[in-house]
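Residue numbers (this note's numbering): 1 to 600.
Rather than coming from a laboratory, the hints here were simulated on the basis of the structure. Hints are supplied without guarantee of correctness; some may be wrong.
As the list claims (entries may be wrong) - 27 Å max Cα-Cα, derived BS3-like pairs, lysine-lysine:
#1 K167 to K156
#2 K156 to K345
#3 K156 to K41
#4 K345 to K41
Claimed, not checked - Cβ pair distances, simulated, as ranges:
#5 R575 to A320: 44 to 54 Å
#6 R527 to E465: 32 to 42 Å
#7 P389 to E593: 42 to 52 Å
#8 A296 to F394: 22 to 32 Å
#9 R480 to D434: 15 to 25 Å
#10 D475 to F394: 18 to 28 Å
For glycine and all other residues, C-beta sits at the position ideal for the given N, C-alpha and C.
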Amino acid sequence: MWQFDENVFQKNLETFGRGPLREILVRPDRNRERWEILTSKEGSPTLLWDNTSLHSRYDPVTEGERWADGAMASLVNPSQGFLVMGLGLGYHLFSLLERFQGQVVLFEPIPDILRASFRLFPWYLFSDRLSIFTDPSGTRGLPRGYSVLSHAPSEKLRPDLYRSVRKIYEGGETPWTYQLRVLVISPVSGGSYPIARSVYHSLNRLGHRTSFFDAAVFESSLRAIGTQTRIDLHRAQLRGLFQGFLSEMILARILSDKPDLVIGLAQSPLPPDLIEKIREMGVPVAYWFVEDFRIATYWERIVPLVTSFAVIQKEEWIPALEARGLSNVLYLPTGADPEIFRPDKGPDEDPDRYSAPLAFMGAGYYNRQHFLRHLVDLGLSIWGADWDPGDPLFRHVREEGRRITPYEAAQIYRNSPINLNLHSSVYHRGVNPDGDFVNPRTFEIAGCGGFQIVDRRSLLPEVYEAGEEIAVFDDEDSCRKLVKHYRSHEGERREMASRALARTRREHTIDSRMEQWLSVLFDQGFRPKNTFFPGRQDVDSLLADAAGDPELSGFLDRFRSLGTVDLEDLERGIRLRESPITETEAAVLLLREFVREVGA
């Protein structure tokens, strides 16, 4: 069992506290509100950063030993060393140093974490074999051939910095070489709006600098157009003027944010003429069409103009697009946002309000209104909008038929014994026999650890196994039988839900979808090298100009992952650091302040 000891900190400080590292170690913690020390079941401390556990809450010592055993098993040449990415409190690193007698280099960019570990483990015992650096620029000069080991929980805290270290050390370019500036354009309303929010949050979690154009704030204005006149021609003219206003707003946002990539989703206010203008600015547009291509046909005008067109259907559609000579199409199913759709309950959880013996969450589409009325005797409750208040079925609609937030939906999925999932259709009275794509709800219920019964879809077997992870029905009769069976077999429900949860976390999060999409874009040649925007400069060119000035070169080298930079990027990078400000950094901050004053 390990415990914090101030004497251990002092000995570690005497051993490793030289130069810039000493300045970091002796400074008070600056992010104390973001982390917490808990006692594990085993008795040793464990660390939470932004409520994310960096070690096992049960037995961090054993967890660290297993990590070290895996590292040793992967070692091909005993004479080579290790580059360890991330420290946490250090259980994994201490176990590795006990097993390995060669050189180990540690990268840990968060000073608070480094100081906490220095109070727990006697790193001074390994002073002849352990070296530590906190800035990606310290990667240069490290011996080549070291095995790179990841402490995955640590890397999630500052993925941008870890990505920079990998780029510098491993050489070459990967999709994670760059920290991208991404602007996500949301739709005004509809089912793709929460997906747009999740894309925004996912890209931020992956370490990219993402901004969000929230078109939903204009929803009431758009609806008001329909109330001003009954003349269709006038309505069309007003909507055209409104779209022109939105287009100008988006262009203004692009000029302000200077993105490397613009992402739109189905129903985002990105008409073809606006996409062409964005392309003329040198900014690629990626578009995720999370709709049924048979019903929403506006895709035909979009797909030739965008760099990447991601879809949730394939079969007949993708071959037809490829036959037109379009090679920018990617099959990309939706997924679950792991920050929202998770099994653990929040502090404001209200199971009484958000649960039912048989729960359905979704809008009142035509087929659902007909199908669900035959299940009300099974304890059915409905959440969602667009249900007819005059229909007898509305008696079973909760929350007065208002729109349910994703966080409320997650509570329904977690707390209801059985979740019913029926894909929407505007021209069937029940299950669509030709249904192919898998809706987001399928992944979201599974991501909450909920059990679900879902209608059969042709693409469903690719993501979940029927009878093992989810239950699948074909019609009203089979749906009723499944509800009655699983209502009395709680053990089966729990086992299937557990398997679906594990697979969702492994394969079907929105983060994994974004990683896949960016990888495809990278393979297609996308790079954040756009210098169209005023003030943006290519980092490699700046480094070439700075040759012969070690301090300036070292400063600029920290921004390689951005591809291009402006003064705002440089200022942000300086203020994120805790090291004393250098003369170069002071000059940049002074210049930035001058530009700000002149601009004001």
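Outcome of the hint check:
no.: 1; hint: K167 to K156; in the structure: holds (17 Å)
no.: 2; hint: K156 to K345; in the structure: holds (22 Å)
no.: 3; hint: K156 to K41; in the structure: holds (24 Å)
no.: 4; hint: K345 to K41; in the structure: holds (21 Å)
no.: 5; hint: R575 to A320: 44 to 54 Å; in the structure: holds (51 Å)
no.: 6; hint: R527 to E465: 32 to 42 Å; in the structure: holds (39 Å)
no.: 7; hint: P389 to E593: 42 to 52 Å; in the structure: violated (59 Å)
no.: 8; hint: A296 to F394: 22 to 32 Å; in the structure: holds (28 Å)
no.: 9; hint: R480 to D434: 15 to 25 Å; in the structure: holds (23 Å)
no.: 10; hint: D475 to F394: 18 to 28 Å; in the structure: holds (24 Å)
Hint 7 alone, counting from the list given before, is not met by this structure.
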